[in-house]
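A.B. asks: The residues making up each chain are set out below.
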Amino acid sequence: MIRIDSVRKQFGSIVALDGLTLDVRPGEMFGLLGPNGAGKSTTMALLTGLHTPDAGSISVLGGDPRDPALRARLGLAPQSLALYENLSGRENVTFFARMFGLRGARLDQRVDAALDFVQLVDRQHDRVGGYSGGMQRRLNLAAALVHEPELILLDEPTAGVDPQSRNALFENVLALKAAGRTIVYTTHYMEEVERLCDRVAIIDRGRVLAVDSVAGLL
Amino acid sequence: MNALFALAAKDIRLLLRNRGALFFTMGWPLLVAIFFGMVFGGDGGSSRPKVALVVQEPHAATERFAQSVLKLDTLDVERVDAATAEQLVRQGKRSAAIVLPAGFGERSARAFSGDPPQVELWLDPSRKAERAMIEGMLMKLGGEAMFANISDPKARQQWLSTSRADLDKLPPESRQRFGDFYTALDAMMTTPEVAGGSGDAAAASGPGFSPLTVSAREITVAKRGPRNGFAISFTQGMFWALLGALMSFVTSLVLERMQGTWNRLRSAPLSTASLLFGKALACFAVMFTSLLLVSAVGAMVFGVVPHSLSKLLLAFIASAFAFTGLMMLLASLGRTVQTASGAAWAVMMPLAMVGGAMIPLFVMPPWMLELSNLSPVKWAVIGIEGATWRGFSYAEMATPIAILLATGALCGLAGAWRITRQPN
Ligand SMILES: Nc1ncnc2c1ncn2[C@@H]1O[C@H](COP(=O)(O)OP(=O)(O)OP(=O)(O)O)[C@@H](O)[C@H]1O
Ligand SMILES: [Mg+2]
Chain A
1 MIRIDSVRKQ
11 FGSIVALDGL
21 TLDVRPGEMF
31 GLLGPNGAGK
41 STTMALLTGL
51 HTPDAGSISV
61 LGGDPRDPAL
71 RARLGLAPQS
81 LALYENLSGR
91 ENVTFFARMF
101 GLRGARLDQR
111 VDAALDFVQL
121 VDRQHDRVGG
131 YSGGMQRRLN
141 LAAALVHEPE
151 LILLDEPTAG
161 VDPQSRNALF
171 ENVLALKAAG
181 RTIVYTTHYM
191 EEVERLCDRV
201 AIIDRGRVLA
211 VDSVAGLL
Chain B
1 MNALFALAAK
11 DIRLLLRNRG
21 ALFFTMGWPL
31 LVAIFFGMVF
41 GGDGGSSRPK
51 VALVVQEPHA
61 ATERFAQSVL
71 KLDTLDVERV
81 DAATAEQLVR
91 QGKRSAAIVL
101 PAGFGERSAR
111 AFSGDPPQVE
121 LWLDPSRKAE
131 RAMIEGMLMK
141 LGGEAMFANI
151 SDPKARQQWL
161 STSRADLDKL
171 PPESRQRFGD
181 FYTALDAMMT
191 TPEVAGGSGD
201 AAAASGPGFS
211 PLTVSAREIT
221 VAKRGPRNGF
231 AISFTQGMFW
241 ALLGALMSFV
251 TSLVLERMQG
261 TWNRLRSAPL
271 STASLLFGKA
281 LACFAVMFTS
291 LLLVSAVGAM
301 VFGVVPHSLS
311 KLLLAFIASA
321 FAFTGLMMLL
331 ASLGRTVQTA
341 SGAAWAVMMP
351 LAMVGGAMIP
361 LFVMPPWMLE
371 LSNLSPVKWA
381 VIGIEGATWR
391 GFSYAEMATP
401 IAILLATGAL
411 CGLAGAWRIT
421 RQPN
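Chains A and B, in that order, give the protein sequences.
According to the numbering used here, the first sequence is numbered sequentially starting from 1.
According to the numbering used here, the second sequence is numbered sequentially starting from 1.
No lab work stands behind these hints, which were simulated from the structure alone.
Certain hints may be false.
[Said to hold, decoys possible] If you want the ones that stay clear, here's a sample from chain A, every Cβ over 12 Å from chain B, calculated: (1) 21; (2) 94; (3) 135; (4) 162; (5) 207.
[Said to hold, decoys possible] Pair by pair, the computed Cβ-Cβ distance ranges are: (6) A:19 <-> B:23: 33 to 43 Å; (7) B:368 <-> A:54: 27 to 37 Å; (8) B:258 <-> A:27: 49 to 59 Å; (9) A:112 <-> B:9: 50 to 60 Å; (10) B:413 <-> A:122: 39 to 49 Å; (11) A:159 <-> B:17: 20 to 30 Å; (12) A:105 <-> B:369: 57 to 67 Å; (13) A:80 <-> B:31: 47 to 57 Å; (14) A:37 <-> B:9: 36 to 46 Å; (15) A:191 <-> B:17: 33 to 43 Å; (16) A:195 <-> B:31: 57 to 67 Å; (17) B:413 <-> A:171: 43 to 53 Å.
Cβ atoms here follow ideal geometry from the backbone N, Cα and C, with glycine treated the same way.
Using the sequences provided together with the hints, build the complete structure.
C.D. replies: Pasting the structure below:
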């Protein structure tokens, strides 16, 4: 599903990834656990073709993520909320769905499903600027799922979310997993990894310190 | 294609929800157009016609008539010499010149013999309304002058004596009648009630008689300046519409790149080039629409009617294209809203200043006109003016249109090239 081999990525003098190697298998929920600045978001950016590695190779869904056609099968929920505050929740999700080529009846049907999935149907016509942080997080997830991607990349989906909403989000993620999606999930918290992931990589300073099943790491 | 339209529609929707940006692309341009139109003197037709007055002989009666013309409050009269008057009319600065030629005073001192005094009117053949209005006023003044001749005792004596002296020139059968008439008139005017009568003497003149004649001399106005102050100010308003849209899209593009949405869009199956194309499409659509809006208000409310609608649309398309390209280039100059919009102002203001968006091109000194060729703003202004009041042919429109299209393409490509190569 994903193969990252000895990837190096530098921003000026800062080495973000320093020979990172990872494998993610189809249908698994893979955790990326690490402190601030470990290189988690940089890895996500490489997986969606936003950055090009300085060295090493990346293969996603059997291809290069810089190929636009391949990106249609990926869904990224970025760490920094990527939403238009002056559009309603529904307008945001509809817009991103169009960007992934959805149209017509399927577009409406998928937008309904995505909003329902994150329980935002009753607030769908309100402007996102008026949403709470937790609601924005959930909408951020809906926008990543609306086109039914095979591979879902969730970059700290629980940042700034209260415990109750966090549980709702966990339910969402587990439902996606049950539906057979492959998921990469980044977090600072061991407990989230324990609860959700099949396997986990602990990374720091752009390097993998350990990769194993959750049980194996404990 | 679906995605490109969705991209553009999203930006337009966001602009419509941003009151400030909306004001600067649609409201402010109209305010500029209306305010400066009024400062430039507004609509020439609604205020008093401006005329020049030329007196070509020193004669007491002529001078009296000239003074009565100067006192008219329905005309804005300036007394000048013949050469100046001709020049003023030719340049369109005065609608007409009223010329009192040699012999005017002499003729007006005679009552019913010889030709009536003649006034020349110099004006552009197209100024039919002004001509009718000025002729009417001159006739009235002529009648009043004649009435003044007979109602003022001293002037009457003088007028009657010249008129009596002229009786010899009349055919013998008329001599007696006019002689009797003058005597009767003199006797009647000595009666106080009549002497105090109204000055409306046009009624006093018999049928087929005219107190003066007006002959017109055509002076074609050289098409240098527009007829109407709003014609200049609405072109300036259109520049502000372009600038307002340019600034809001520079901001929107930089802001989008700073926010997470740009990366989310880049993770979609679209190239960065198509994302930029979507932005450009929205920018172009907004510019074109606000140009249409400003020109519609100009045409419907302020009489700024283009001489050719298709040429105007051509100028709008080319101008919006050029400014969209400029937007792209300027947005690539800064990574924050402050730096990018600062750079955009720093570039656009001098271009506007020399480009005729602030000082009208037709009043620019030659050195500045030369300099203005470097500004794309000038070519937008020329294109729009060419279609509005300069009366350009398609051949004359070709230069500004070609320069605008080239500017848009070059700046747009350079900006897009820079942005796609900048790391995120
Ligand atoms: N666009 C960039 N320009 C410069 N440096 C960058 C850029 N992106 C990431 N970095 C640097 O790369 C390193 C890894 O950053 P990254 O965002 O991948 O960390 P992270 O694991 O996601 O951290 P966090 O948990 O705080 O989100 C950091 O030192 C960061 O400063
Ligand atoms: Mg991160």
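A.B. asks: For every hint, state whether the structure bears it out.
C.D. replies: Hint by hint, here is what the structure shows:
Every Cβ of chain B is farther than 12 Å from the Cβ of residue 21 of chain A; the closest lies at roughly 23 Å, confirming the non-interface assignment. Look at residue 94 of chain A: its CB is around 8 Å from the nearest CB on chain B, not clear of 12 Å, so calling it non-interface is violated. In this structure residue 135 of chain A is separated from chain B by more than 12 Å, as the shortest Cβ-Cβ distance comes to about 16 Å. For residue 162 of chain A, the requirement that its beta carbon stay farther than 12 Å from each beta carbon of chain B is met, with the minimum near 22 Å.
At the 12 Å boundary, the C-beta of residue 207 of chain A stays outside the reach of chain B, the nearest C-beta of that chain being 22 Å off. Distance hint for residue 19 of chain A and residue 23 of chain B: a CB-CB separation of about 54 Å, inconsistent with the stated range 33 to 43 Å. Residue 368 of chain B and residue 54 of chain A have their C-beta atoms about 52 Å apart, which leaves the hinted 27 to 37 Å range violated. Take residue 258 of chain B and residue 27 of chain A: their Cβ atoms lie about 36 Å apart, and the range 49 to 59 Å is violated.
Between residue 112 of chain A and residue 9 of chain B the C-beta distance comes to about 20 Å, which lies outside the given range of 50 to 60 Å. Checked against the hint of 39 to 49 Å, the pair residue 413 of chain B and residue 122 of chain A passes, with Cβ atoms roughly 47 Å apart. For the hinted restraint 20 to 30 Å between residue 159 of chain A and residue 17 of chain B, the CB-CB distance of approximately 27 Å keeps it satisfied. Between residue 105 of chain A and residue 369 of chain B the CB atoms are about 60 Å apart, so this pair conforms to the stated range of 57 to 67 Å.
Judged by the Cβ atoms, the range 47 to 57 Å given for residue 80 of chain A and residue 31 of chain B is violated: they are separated by roughly 38 Å. Separated by about 38 Å at the C-beta atoms, residue 37 of chain A and residue 9 of chain B satisfy the suggested range of 36 to 46 Å. Evaluation of the 33 to 43 Å hint for residue 191 of chain A and residue 17 of chain B yields a pass: the beta carbon distance comes to about 41 Å. Remark: the range hint 57 to 67 Å for residue 195 of chain A to residue 31 of chain B is upheld by a beta-carbon distance near 60 Å.
Evaluation of the 43 to 53 Å hint for residue 413 of chain B and residue 171 of chain A yields a pass: the beta carbon distance comes to about 49 Å.
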